[in-house]
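Next come the chains, spelled out residue by residue.
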Amino acid sequence: MSVDDLALQQVAMTRPEYERLLDLLDREPTEVELGMVGALWSEHCGYKHSRPLFKHFPSTGEYVLTKAGEENAGAIDLGDGWVAVFKMESHNHPSALEPYEGAATGVGGILRDIFAMGMRPVALLDSLRFGPLSDQRNRRLFRGVVEGIGGYGNCVGVPTVGGEVQMHPSYSGNPLVNAMAIGIGRREHLLSASARGVGNPLVLVGADTGVDGIHGATFASVELSEGSDAHRPAVQVGNPFLEKLLMEACCELAEQHKDWIEGLQDLGAAGLTSSAVEAASRAGTGIDIDVALVPRRAQHMTPYQVMLSESQERMLVIPKKEHLEDVLAHFRRWEIRADVIGTVTDDQMATIRDGDQVVARMPVGVLVDPPQYPPEGVRPADLDALQAEDLAAQPDLDPSEAGAALLRLLATENIASRRWIYRQFDHQVQNNTVVRPGGDAALIRIKDSTKGVAASTDCNGRMLALDPRTGAAMAVAEACRNVVATGAQPAALTDCLNFGNPEKPEVAWQMEEAILGLSAAARVLETPVISGNASLYNEAPDGPILPTPSIGVVGLIEDASRALTIAPAAGDTVVLLGAQVAQPASTLAGSEYQWTTQGRIAGMPRLDLDHELRVQRFVLDAHGRGLLTAAHDLSDGGLAVALAEMCFAADAGIDASDIAEGERLDAALFGEAPSRFLVGTSNARVLLDLAAGHGIPAVAVGVVGGDRLRLGPIDVALEDAAREWSEGLDRMLAEI
Amino acid sequence: MATYLAHVNVMLRPLINDPQGLVVRDGLHSLGFEGVSAVRVGKRIDITVAAASVPEAEAAVRDMCAKLLANPVIEDFEFEVTEVAAVD
Amino acid sequence: MRATVVVFPGTWSDNDSVWALAQCGIEARKVWHRDEVSFAPDELVVLPGGYSYGDYLRTGAIARFSPIMEPVARHAEAGGLVIGICNGFQILCESGLLPGVLMRNGSLQFRCQDAYLAPVSQASPFTAHLDTSRAYMIPVSHGDGRYVADESTIAMLEDTGRVAFRYAEPDGRVTPDANPNGSVNNIAGILNERGNVLGMMPHPERACEPLLGGEDGNAIWRSVLESVGAKV
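Protein chains in written order, with this note's numbering: chain G, 1 to 736; chain F, 1001 to 1088; chain X, 2001 to 2232.
Looking at chain G on its own, in the form it has when it is part of the complex (with noise of 0.2 angstroms):
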């Protein structure tokens, strides 16, 4: 077979690839073959400009169990037997194509990853990126993004209890559709995604098989263009009713019969493909599926479709032989279809066949091993300019506007509640929300057990574009200090790397920078990468979306009922933790108020990680010694939007007139300097000493209660600044 460059570019692989796969073959692929190989080496599956990187991760520490890249997700020890696994995986390029079905079959393959492993999903999270919501385009993605998260989550009876959401010109076109799920359960119900047991039969339930989404692993691996409407392929729709069949027996398996499987995966990017082949290689087995025992939806398949289709809610299961009929009567009573497709081989090959013909027979070793590019990059050559720009040099605010530079902000498309989004979505399934949607972190508890899990997502882009190392660093510490806010202590990170195109080096730079600053924070505030996925060629035709490697961290609180809130109560005195009221112009840089006023961005965001994490370890401190009644993390809008979201938490305003807001107002009141906590307090001055004792900052900043917002020389009635809060995003999506 003679392979030419159109059929080279079908399956998104360069020629030098190519040549490569002969020396490995000493021979020329069939065409299912090379289809199984482009799929496999595609960047989606194969990570080949991003896997050099991966090594700076830290990947141990107190909390690990399954580290990244061993299963389908990382594991976590939650102590006393109990486990968490989670995970981050985009879905961008299919949301950007068809955004309610994109974003449900987002949600639900991240789901199957989870429950892959045996853990029953007890939470979703989202971290969403749009284009600017005055464009009607960006408002159509972004409300069936919002459709399809709810359709699909809300149909399995799975919470999703958080995320984030921003917006930036960057992501026009190209919306950035992370989906992260939690899985919890016993460590002896944890299962392997591995084909062991030679002469197991390999099991393949749930959909029946269609030409869905053929070639979209290398879809995902090359950038959107104006020609991608012709070369659509077919976008796959999602059944959440067949997943939530699934998730249930495979999680009952998992809890009532181990004993009957030797491994349970997933069937994602490059379908059957890359789960059987995955699945082999962990346990250094082969495979041997002939394609004409699957099941199909559509008539006339190809071996070359059957192997690649993308078709969703499919699991592979490894039975042991001896309980083969057990595991097809299982998955009967559950109403799923389950069929023998294959068995386990000795022979370390994978052996595809059609009834009796062979029409595909590789080492899994090949297929496993993709070239790898580790990424040339070039620093932006504008960059330096932008990073040494004098932000004092801008004029400072009128402290007469300070109130009305609020009130603006608050109804920004970055800053106004959640609501609107979070309200689709069912937070509550399961019985275990303890912090709801709206706050910081997001909290569910245990049941039969004390403990709870809290977790959230970050990444402001817009800092990453001035300075890559620290945005990502940044996006790690925010994430911590959110689910230290909720009274957790981080144990581990999952991440999701949405760059641009990597072939470029600027992006390759950023790249590159972004995941030395990611894995520093992670390194310093002990939260090791235990999973997470890469998606790069984000690119518009304006250029590449901003850096977005979205951090999501998961933390353990050892008593649930002890989670804190942002809510104080009235009476309560606010404190600031980490820093002093007044801060200098340069804590502007990249911040929301920046970003609104003057339409561009510029300066350098800075970040000490060792203060960082000697801010969190106090407040964790405070907290357990019953100081707190409230903690909330400084991000998005400074101390003023911090302080405006606790009051509107708590239904109460705040007098915090008498600050001392030093030579820049607009820096004290709207600065993004990282590291920096509100508490709620009713033991004001233990605590002031407490952190006195710590060489901590801290500064008593007011006492909640009134029906005025009060911050400096700004003077707002709370109900109007709630009203521009919670009516933002309203207004802004009530244009269709």
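Since the hints were derived computationally from the structure, they do not count as laboratory data.
In this text, a Cβ means the ideal position worked out from N, Cα and C, and glycines have one as well.
A hint or two may mislead.
[What the hints assert, rightly or not] So, partial list: chain G residues that the calculated Cβ filter (under 7 angstroms) puts toward chain X:
#  : residue
1  : 150
2  : 155
3  : 157
4  : 241
5  : 244
6  : 245
7  : 335
8  : 423
9  : 426
10 : 427
11 : 428
12 : 429
13 : 431
14 : 434
15 : 561
[To be verified] Among chain F residues calculated to face chain G with C-beta under 10 angstroms, some are:
#  : residue
16 : 1012
17 : 1018
18 : 1023
19 : 1026
20 : 1071
21 : 1073
Given chain G, put chains F and X in place with the hints provided.
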């Protein structure tokens, strides 16, 4: 200007998965309708529109389908336009 | 007394219901919709929330033909207690055990939020011991919860004391703003003629512990316990 009524049918494209159709098919089977081999579920949308002529009305409806009523990534549409008495 | 929680394909409030009943000391078993079961006369049958059969076609349209609906209907006819929550309410309406239908929310969006319920009729074991002078905080979580029936049916329900709950403000006032889905007359739950079948959209099983935000939902299970106990 005359008034036209368009009956628009939006269906998932033939090879696209239709979970709703599958569940309805199984539901019909369990009620004893054994002869049912396939079910596809779509949407019917009726649009009343003012236009100068049938071709103009058709062009407008086609545009509506392409821009809003159907997503060509997963859906096909078809429609029929007839002139009706004007309604206020 | 014992309770049975029915599990249809796609049900997701089954475990929550068992959990909430346990908070009130009621032992509950779960049964799969194809299981052959019989119910004791004093058994409480719960049709819980979820998306039976994915809510495809119409909510509850396919689940009503599940094998278990025959014994459920017989239990209801014999005066046994049946409560349908959310999807369970939709199934009861589709199967004709309760009148009316639940349509797409007026907002056309799913709504998951706290709701306050004003008890209206006390003519049922589920509501007999509720305090009609206050509102109960019981969350809603549905996309199709707008209760609709023809005018004569609504008049009949209103006139014969078969409206169990209305959506209300926290202080119990029934206002249009308190209505999360556009239901006629803010109706959140209705009873059958004998008062032994209750259908309601809000989720009492979610309001079962202070840790989760409140335990007002338990009042319904306690009312059942008191009513059943009073009969003995």
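Okay, the hints, checked on the actual structure:
1. Using the Cβ-Cβ criterion of 7 angstroms, the hint placing residue 150 (chain G) at the interface with chain X is satisfied: the shortest such distance is roughly 5 angstroms.
2. Taking 7 angstroms as the C-beta contact cut-off toward chain X, the hint placing residue 155 (chain G) at the interface holds, the least distance being around 4 angstroms.
3. Given hint, residue 157 (chain G) at the interface with chain X, holds; its Cβ is 3 angstroms from that chain's nearest Cβ, closer than 7 angstroms.
4. Evaluation of the residue 241 (chain G) hint against chain X yields a held restraint, the C-beta minimum of about 3 angstroms falling below 7 angstroms.
5. Interface hint at residue 244 (chain G): satisfied, since its Cβ lies 6 angstroms from the closest Cβ of chain X, which is below the 7 angstroms cut-off.
6. Here the hint on residue 245 (chain G) is kept, as its CB sits about 6 angstroms from the closest CB of chain X, short of 7 angstroms.
7. Here the hint on residue 335 (chain G) is kept, as its CB sits about 6 angstroms from the closest CB of chain X, short of 7 angstroms.
8. Annotation: interface hint on residue 423 (chain G) holds; nearest CB of chain X at approximately 5 angstroms, less than 7 angstroms.
9. The beta carbon of residue 426 (chain G) is positioned within 7 angstroms of a beta carbon in chain X (closest approach about 5 angstroms), and the interface hint is therefore held.
10. At a threshold of 7 angstroms, the smallest CB-CB gap from residue 427 (chain G) to chain X is about 6 angstroms, leaving the interface hint in force.
11. Given the 7 angstroms rule on beta carbons, the hint for residue 428 (chain G) holds: about 5 angstroms separates it from the nearest Cβ of chain X.
12. Interface restraint check: residue 429 (chain G) against chain X, minimum CB-CB distance 6 angstroms, threshold 7 angstroms, status holds.
13. Taking 7 angstroms as the C-beta cut-off, the interface hint given for residue 431 (chain G) holds, the closest approach to chain X being about 5 angstroms.
14. Hint status for residue 434 (chain G): holds, given a least beta-carbon distance of 6 angstroms to chain X, under 7 angstroms.
15. The beta carbon of residue 561 (chain G) comes within 6 angstroms of a beta carbon in chain X, closer than 7 angstroms, and the hint placing it at the interface holds.
16. With a least beta-carbon distance of about 7 angstroms to chain G, the hint placing residue 1012 (chain F) at the interface is held under the 10 angstroms criterion.
17. Because the closest C-beta pair between residue 1018 (chain F) and chain G is about 7 angstroms apart, less than 10 angstroms, the hint holds.
18. For residue 1023 (chain F), the shortest C-beta to C-beta distance to chain G is roughly 7 angstroms, which falls under 10 angstroms, so the interface hint holds.
19. Given the 10 angstroms rule on beta carbons, the hint for residue 1026 (chain F) holds: about 9 angstroms separates it from the nearest Cβ of chain G.
20. Contact between residue 1071 (chain F) and chain G, as hinted, is supported at the beta carbon level, the nearest pair being about 6 angstroms apart and thus within 10 angstroms.
21. Look at residue 1073 (chain F): its Cβ gets to within about 5 angstroms of chain G, closer than 10 angstroms, so that hint holds up.
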